[in-house]
Amino acid sequence: MATGGRRGSLLKRFALFSAVVLVITGLGASFLDYEYNIRMAYVQGYDDTRYVEAVLSDTINDYHYDEVFGSEESVPYQDLRSCMRQLCAEVRATYVSIYTIDEATKTRVYLATVADEDDKDNLVKETRGLGARVDAPLDDVEYQTLREGESREVYRHANSYGDQFSWFRAIELPDGRGTAILDVDFEVEFANSVIGMETLSFGIPLLATILVLVIIEIILLRHQIIIPIRKVSSLMREFAANGSVGKDVRKRRHDDEIDEITDTFYQMTNDIDQYMLRIEEMTTERVGASTELEVARRIQQGLVPASKELETNSCNAYGSERTARAVGGDLYNIIQRDDGSTCVVIADVSGKGVSAAIFMAMFGTLLYDRLATGASPATALNEINDIIQTNNPENMFVTVFVAIYDPANSTLTYTNAGHTPPLAVGGNYIEVETGVAVGLFDDIGLTDTTIRLLPGEGILLYTDGATEAINSNREFFGEDRLREAVATATTAHEAVDLATAAIDAFVGNMEQFDDLTLASLFVARDAADKGDDVWEGHITPALTALSTLREVITSLCGDDTHAIKKAVLVCDEALTNITSYSKATDLWVRIARTEDGIAIRLADNGIAYDPLARTEGIPEFDLLDQGGMGIAFIKQTCSELSYKRDGDKNVLTMVVALS
Amino acid sequence: MEIKPSTEGSVTTLALEGWLDTTSATELADAIDNIDDTCTELILDFAALEYISSSGLRQVVSAWKKMGGNLRVINVKPDVLQVFHMAGFDQRLNIS
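Chains as they are written, first to last, in the working numbering: chain Y, 1 to 659; chain Z, 1 to 96.
Same shape as in the complex, but just chain Z (with noise of 0.2 Å):
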């Protein structure tokens, strides 16, 4: 999996890349915990995530708590959002 992190004033977006599994979900934690202080919202980039599982929505939601829910996830493949659904995501994050 690949995150390509870009900042854009106080926005800092992360685009994901592959299959973001219980081995690769290790990787968006350290991104995450890179993003500094000066950045008021966080936008993970779905659009060539092909794959998660848990250990990735775990991380999604550690990234929620960090940012103070000043999260958004965009450009969501079905299968993806079908795993954010088995969790009820859908209904407390920014999806689109």
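Chain Y extracted, bound-state conformation (with noise of 0.2 Å):
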């Protein structure tokens, strides 16, 4: 905020509040020296009075009553009136009168009036000359004065010439005629006006002196006060503008409340400086262990990538991770060995955050390299768990499930280290034993299992993530709803994302804390793993085979002719190949009738051959009696065609169309 912006100024109020001020004392002390004034005027007309009546007393008191009240052209009444015009304009009264009152009738009789002006004067010479009668009531103050002598307070009264304060006195008359009364009147206005310079002569220098001091004071307040306020204001300002105050001000001290401010002023910049740097290192900190975190964060993602997939002619296998934080203490991983077989892994290192991602590391590396190089899951897991438990001084671990498919055998080998057992997918109940996590005790021995697993079965390997994901009413997603969620699944990569799909939407808007980590493995079907009607035989390869299989093939096309006899002659060309040239003793055959055609799946274990390799035609027509044919048949037949090597059986996997 500028300066010049504001519209109040402490200087501005504190100088009307002044002059309210003074106004207030300079009315106030005029009020009381106008009251001590007029008291004074009234003192000075009584004393006033007492003179007129001490001459008049001994004026009067010459003569005998006859003489000077017997006539009013009397001489010694001329001299009296003389005297008392003298004396009015001596004390400056406006009128005298002398008169007394009749007790009969209550009325005042004048024996002598006069007034200071001679108009006036004529005038009550006729109405208040001697003898004249007044029937006015008689007020207190008249018999007080008869009473007592004199007036004791005094009289204010209104005339025709305006306001009057009068004293009156006991007077006596010659030869015992009696008690008068001396009335002696006085101008209010007049005395006001003597009055008034009085005030204004004393009224003025005072306000005078109370305008210097409350000009002398604002001066002070404004050097003592306002300029110190303004700089410690212009050093907030500069300090909100620029974060600095620039050099230490503070020079003259008085130690008052202002220096107090400015002080607090000083401290609190500092705080805040303090506290400023403080924030910065914490930020700065903040920053560096965020970077620090992120290449932690990489490098595990080499390690445990977002997603992995693996297809091999005999399996599948698919593995995701989703970590809650920077970087996770879940592992999975997928190893295709150079004897064909398929590893798959899950772990979940104990602790979280970086610790744990290290141990990870350290754990994946050690096993990548064990089954890589041909090591069974529990030989593997036996000589790594050796190898951490004799240094591990943080006493971590890792639970761990691994699997390995033999397609030579269609054999799944697993071991468990304390793991939660994977999910078994179309298929039978895996019996897996529980085992000893690695990397805390010596010589855990786990051992290995073998089962045999089918084509379209499967694992799903995961983490508590997956079973302890809460939704808002905090439930465990639990094992029930993650086995119904894979249990149509056909493919790793399907049980996967069926799982992480089910997860997601059991959770909806409920942010998970562990790690989500799913890996999966599947045996492969093929067109001969469909279909409902199915025959599954297991003989010996020779021509005289054709009739068995012509029959199954009959029996489950029904009425089709076209597409039975194209099935039978894709089966007499590879049987005849098969018992020709394979030197086969066993053929495994599967028929299956799908929705639109007819699979065929003859897995032999002769010597390897794959027929789909052959890229030559058909010979010239005058071979043709040594063969060459069978095989572009097939190929001209199949609406569908596979072969692959599974272990030691050559697999061959035909579809004919339904017509």
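No lab work stands behind these hints: they were computed from the structure.
These numbers were taken from a predicted model, which means no experiment stands behind them.
Note that the Cβ used here is the ideal one computed from N, Cα and C, for glycine as well.
Any given hint could be a false lead.
Claimed, not checked - A few chain Y positions that, by computed beta-carbon distances, are all more than 10 Å from chain Z:
1. Leu146
2. Leu543
3. Glu640
4. Lys644
What the hints assert, rightly or not - Under the rule of at most 30 Å between Cα atoms (straight-line distance), these lysine-lysine pairs were calculated in the DSS-like manner:
5. Z:Lys65 - Z:Lys77
6. Y:Lys635 - Z:Lys77
7. Y:Lys308 - Y:Lys12
8. Y:Lys583 - Y:Lys635
9. Y:Lys530 - Y:Lys308
10. Y:Lys635 - Z:Lys65
What the hints assert, rightly or not - With the C-beta cut set under 10 Å, the calculated list includes, among others, these residues of chain Y facing chain Z:
11. Gln626
12. Gly628
13. Phe633
With the hints as a guide, bring the two chains together.
Next comes the structure, spelled out in structure tokens:
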């Protein structure tokens, strides 16, 4: 906020306040002064009246009553009036009158009256002259005068000449003719004019003095308070704008409130500077830590990618990981070994964060090395356990499940080191021993278990992030929901996707605190693994077997003689080849009627031969008595055709479309 | 499969009936071996033949060679003709 924009000013307010105080003080002082002066005028009037009474009393008593008050024309009376007028002028009275009270009629009987001015004097000479009666009601002050010789208090009244104040005194008449009342009237207005002059002469210097004091005070206020406050205020603005206050401007010290504010301000800026430094340091540390975490995360993603897929002729495997933190403690891996087998691994390292990730990286590398070089699951884990547990100061451990699918024997060999057993999908329950986690104890003695796994069957490996995913009702996803979610899966990718989708739908918007890691392996299915009507047989390869196959095909195809002939043709050609060249001793046949075709799978244990790799066409006609047409016929007749060498078997799957 | 041979002058006719597959191909081979030297033309009547595979075709080629090309295949049904077609026989043999 700029100074110019400020509308209020402490100084202005103080000046206004001072002006009000000044006016009130002036008015109050004037009033008090007036009151004092009017009282002084009254006292002066009283003294004057006594003086008038003394002079007049002497004058009157020089004569007999009748000499003076016998006639207005008499010289003594004239002298009396002259004397009265002199006195009137002398004491600045407006009227001076002498009168008696007629008790019988309660009227005033005037003896003599004079006024200060001639025209008024002529008037009162007539109206209040000798013997004039005025029957206005008598006042208490008049009785008091008669009784006590004087009026005790000033008597204020108004007549046609304005406000008056009067003093009364008793005056003895000569010859014992009773007591008269002397009434001396003074003009209030005149008194006021005198008083006014006096008041001004007193009030103006007073007000001037106060004004000077106020101005001095304002100047002091400005220098002692306003300017220091403005300095502090401008320091604060500078600090707010620049974040610093430059050099310390404190010079003269009074140890007053302003200095206290300034000190507090400097203390505050100092504190704020310290806080800012701390915050900057903390921010730098944070950024550094998150950068290191980012590096750790990238290294870990190299070891454990977000997803990994592997597909061979005989099986398919898929894994995925979603970490709840920058770095996770879960591990999965899928490894293709040189002998054609496929490894699938899942592991969960104790603890979370960077330490778990480092431990996991070490373990993952060791495990990969062992598995890739041909070790069995149990052998690999036992060896790694021996390495880790001898030097494991943090007492970290890892639960692991390792499985290896061997296509040569269609077997799955696995071992479990304290991990949650995998789900068997599409097949029977898999018996899994609990085992002991790797890292803590010596000689954990894990052993391998081998089972047979059929096409379309698979296993789903998971960490507790899957089963312990929670929804908004704080319920766990659980193994049952997981089993249900993947029940229909026929490939590893499908199983992981189904599980992930079901978990995501279950948790909704709830934030998850655990990594979600899934890995799966499925034995591949071909066309013959589908279908509802299926025939399977294990036969000795011989041409005579064709009649059996023809019967099976006929029973599966019904009236579709066209398809039957085509299906028998491909069996005819394949069987001829197997019998003639492969030296096989066993033949496994699977014939399945699918929705729109008939699928025939022939697996023989003869020498490896991929008929589909053959590229040459049908030989010259002249040479056809030596054969060479069979494979061409199969290729031309089948709507779908595949060959794989599955272990020691040639597996040829042929599909003939129904018409 | 049944094979009915008949001879009219120097023309021999083999009428085949049923399925000529890899097991029955030897029967045809035997029948062709039995044709004597006086025969100047061989007719294979496939009117009743339902099926043929490459084993059967090999015997047809053998017969064609033995007869020096004097071979006719008659009354071929569509399914069997399709197999002939796959091997390209319809371009080299006298088929009707």
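Taking the earlier hints as the rules, which of them does this structure contradict? 2, 7
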